[in-house]
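Whenever a hint applies, use it, and build me the whole structure from the sequences.
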Amino acid sequence: MTRVSVDRLCLQFPVYHAENRTLKRSMAHAVASRTGQRVGSVLVEDARQRVTVDVLKEISFSLRSGERLGLVGGNGAGKTTLLRALAGIYEPVSGRVCVRGEIGTLLDTQLGMNMELTGAENVRLRCLFHGVGQAETRAILQNVSDFAELGDFLALPVKTYSSGMLVRLAFGLATAITPDVLFMDEWILAGDITFLAKARKRIEALVQKSDVLVMSSHQPEIIRQWCTRLIWLDKGQIRMDGPTDVVLDAYLQG
Amino acid sequence: MKTTQSGTGIREKVLDLSSLTGAARFRAAFVDLREGINLLPLAVTLGWLDIKMRYRGSILGPFWMTITTAVMVAALGVLYAELFGIVLKDYLPFLALSLVLWGYISTLITEAASVFSLQSKLITAARMPFSMFATQAIIRNFLVLAHNAVVVLGVFLIFHIVPHKIWLIVPALALWSLDSLAILLCLGVVGARFRDIPPIVGSLLQVFFFITPIIWRPELVGALSGWLLLDPLYPLIAIIRAPLLGESLPRLIWEAALAHSAVLVVIATLVFARFRARIAYWV
Chain A
55 MTRVSVDRLC LQFPVYHAEN RTLKRSMAHA VASRTGQRVG SVLVEDARQR VTVDVLKEIS
115 FSLRSGERLG LVGGNGAGKT TLLRALAGIY EPVSGRVCVR GEIGTLLDTQ LGMNMELTGA
175 ENVRLRCLFH GVGQAETRAI LQNVSDFAEL GDFLALPVKT YSSGMLVRLA FGLATAITPD
235 VLFMDEWILA GDITFLAKAR KRIEALVQKS DVLVMSSHQP EIIRQWCTRL IWLDKGQIRM
295 DGPTDVVLDA YLQG
Chain B
640 MKTTQSGTGI REKVLDLSSL TGAARFRAAF VDLREGINLL PLAVTLGWLD IKMRYRGSIL
700 GPFWMTITTA VMVAALGVLY AELFGIVLKD YLPFLALSLV LWGYISTLIT EAASVFSLQS
760 KLITAARMPF SMFATQAIIR NFLVLAHNAV VVLGVFLIFH IVPHKIWLIV PALALWSLDS
820 LAILLCLGVV GARFRDIPPI VGSLLQVFFF ITPIIWRPEL VGALSGWLLL DPLYPLIAII
880 RAPLLGESLP RLIWEAALAH SAVLVVIATL VFARFRARIA YWV
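Quick note, the sequences are listed as chains A and B, same order. According to this note's numbering, the first sequence holds residues 55 to 308 in order. According to this note's numbering, the second sequence holds residues 640 to 922 in order.
Don't take every hint at face value.
Listed below are the simulated DSSO-like cross-link pairs for lysine-lysine, each with C-alpha atoms no more than 30 Å apart in a straight line [to be verified]:
hint	chain 1	residue 1	chain 2	residue 2
1	B	Lys728	B	Lys652
2	A	Lys252	B	Lys728
3	A	Lys252	B	Lys760
4	B	Lys760	A	Lys213
5	A	Lys213	A	Lys255
6	B	Lys652	A	Lys111
7	A	Lys263	A	Lys252
8	B	Lys728	A	Lys213
9	B	Lys652	B	Lys760
10	A	Lys252	A	Lys213
11	B	Lys652	A	Lys255
12	A	Lys111	B	Lys804
13	B	Lys691	B	Lys760
14	A	Lys289	A	Lys111
15	B	Lys760	A	Lys289
16	B	Lys652	A	Lys263
Beta-carbon label-pair distances, calculated as ranges [unchecked claim]:
hint	chain 1	residue 1	chain 2	residue 2	range
17	B	Pro701	A	Met169	17 to 23 Å
18	A	Lys255	B	Val653	27 to 33 Å
19	A	Gln66	B	Ala663	50 to 56 Å
20	B	Thr749	A	Ile276	25 to 31 Å
21	A	Met169	B	His803	46 to 52 Å
22	A	Lys263	B	Phe848	53 to 59 Å
23	B	Thr660	A	Gln273	56 to 62 Å
24	B	Val653	A	Gln66	23 to 29 Å
25	A	Glu156	B	Leu844	37 to 43 Å
Calculated directly from the structure, the hints in this document are not laboratory data. On a predicted model such as this, the values are computed, not experimentally measured, just so you know. All C-beta atoms in this analysis are idealised placements derived from N, C-alpha and C, irrespective of residue type, glycine included.
Right under this line is the structure:
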């Protein structure tokens, strides 16, 4: 079954630097185009230069159940943006994104958690968001606390956690509410070796339930271990798409 | 986003996104609203946690709001009753109720301008219906209103105020909720795009505090009272204030409240449907 299909996806980002983001510039532009006169030369010229950046250009691919896709590419190649577009955060400017099944995301550095709330409260909120019932929420809380090994810290505000604890909690939570499709950004794998081994076991269990994983990473050894397929992004375009070893070798050679 | 029947008979979520135009934008905005309303339990929890977090570690907790309001009402009430030459018994209940209602309106409108931009972390972390943030803000502000209502209740008991046709506040509160949602979605979108909006809204609100009959009675303007109906906040406050104070309300006031709300809802629908998909790019 096709889980993810992306068809000629394009994304442009508007760049609102302090200069043209303000209401003044837009108003000046509106007035100027209506009267055909320049309100002030500097203002109008600035307002017309609506700078946009092409972050993703004509991206097309599809993923079937059980595939683990890795995204590689330099900084600013569009990996995180592509992950966000797949997760439905950025809606396409043109083209189409279609994802079947429950989506799990590990993208933001704070992972959508409220730093002021306790770990347990964050778990309960996430369960509410996914419409999980009371009994299941308790099971998930148990599951997450077993995986994350937080012990009593679960009753403390998340802002008191070390970054490793935060990642363990977030990863445990995102994978406890079994998503069909999991999107994961590179920094999440910055944990220590024992965490990586545990995380890998958990992901593998997920993938065995015929789920899809899309992750971006800069670490070749992790990619080789985790992914079955790679897409090499370069300046927002797909430069290469194929089996992990083939693409990774080409990528590492530059 | 839509849910379809898959081959196995299990309902499965399908996220199908493309660039939308025309009527499809309105459908997507409607879906966002429906999903936001489905997440009402989450919005209630988040709204309540917002208040709890604000007062975490303080002994009185949210009741600080009640005390603040009580002090404000007592101080302003005694002073202005003297200034306007009104008997305290007539003025204080009016003022207490007006200030508490104004507190809701002004906080909600102020928060509306940054309702999305302050949530940029959550918005870029996972896909969520944008209307959830709006319902969260409405619930948070209704909870604050409930805490402040204690002051009004106290004043009413002291001065033996008997409400009249109290059932009228049910449709009034329903209209308030609808307008709150419209303001949050509309101003939230505009405020996410233009960062000048929050300060503009702040200064406009200050003007409205003085030109709207909040600390002064609407009868005082005499011949100008027709003009007052053009102030959208006056009819909205009046439809709740009059029945609670036991005063009768001309039908015209309700008609004005409905007319202002209709305009607001139409504008909000257009703005939200047109720019909903852009919010994530702007925050």
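Checked hints:
A hinted pair counts as satisfied when its Cα atoms are at most 30 Å apart, and lysine 728/B with lysine 652/B does not qualify at roughly 60 Å. Pair hint lysine 252/A plus lysine 728/B does not hold up; C-alpha atoms about 70 Å apart against a cutoff of 30 Å. Taking the CA atoms of lysine 252/A and lysine 760/B, the gap is about 27 Å. The hint holds against a cut of 30 Å. Of the supplied pair hints, the one linking lysine 760/B and lysine 213/A holds, its CA atoms being roughly 15 Å apart against a limit of 30 Å.
Proximity of lysine 213/A to lysine 255/A is assessed by CA-CA distance (about 27 Å); at most 30 Å being required, the pair is judged to hold. Distance hint between lysine 652/B and lysine 111/A is fulfilled; the C-alpha atoms sit about 27 Å from each other, no more than 30 Å. The suggested pairing of lysine 263/A with lysine 252/A holds, with an alpha-carbon distance near 17 Å, which does not exceed 30 Å. Our distance criterion of 30 Å between C-alpha atoms is broken by lysine 728/B and lysine 213/A, whose separation comes to about 50 Å.
The suggested pairing of lysine 652/B with lysine 760/B holds, with an alpha-carbon distance near 24 Å, which does not exceed 30 Å. Of the supplied pair hints, the one linking lysine 252/A and lysine 213/A holds, its CA atoms being roughly 24 Å apart against a limit of 30 Å. Under the criterion of a C-alpha separation no larger than 30 Å, the hint pairing lysine 652/B with lysine 255/A is consistent with the structure, at around 26 Å. Annotation: proposed proximity of lysine 111/A to lysine 804/B is violated, straight-line Cα distance about 62 Å (limit 30 Å).
For the given pair, lysine 691/B sits about 20 Å from lysine 760/B by alpha-carbon distance, which is consistent with the 30 Å threshold. Restraint check for lysine 289/A and lysine 111/A: the C-alpha separation of about 8 Å stays at or below 30 Å, so the hint holds. Annotation: proposed proximity of lysine 760/B to lysine 289/A holds, straight-line Cα distance about 25 Å (limit 30 Å). Between lysine 652/B and lysine 263/A the alpha-carbon distance is near 17 Å, which keeps this suggested pair within the 30 Å criterion.
For the pair proline 701/B and methionine 169/A, the supplied restraint of 17 to 23 Å holds, since their beta-carbon distance comes to about 21 Å. Separated by about 30 Å at the C-beta atoms, lysine 255/A and valine 653/B satisfy the suggested range of 27 to 33 Å. One distance hint, 50 to 56 Å for the beta-carbon pair glutamine 66/A and alanine 663/B, is violated here, with the actual separation near 20 Å. Between threonine 749/B and isoleucine 276/A, the C-beta spacing of about 46 Å breaks the proposed range 25 to 31 Å.
Range check, methionine 169/A to histidine 803/B: Cβ separation about 49 Å, and the 46 to 52 Å hint holds. Between lysine 263/A and phenylalanine 848/B the Cβ separation comes to about 58 Å, which falls inside the hinted range of 53 to 59 Å. Against the hinted window of 56 to 62 Å, the Cβ-Cβ separation of threonine 660/B and glutamine 273/A comes to about 42 Å, which falls outside the hint. With their beta carbons about 25 Å apart, valine 653/B and glutamine 66/A fall inside the hinted range of 23 to 29 Å.
For glutamate 156/A and leucine 844/B, the hinted distance range of 37 to 43 Å is satisfied, since their beta carbons lie about 42 Å from each other.
The earlier numbered hints that this structure contradicts are 1, 2, 8, 12, 19, 20 and 23.
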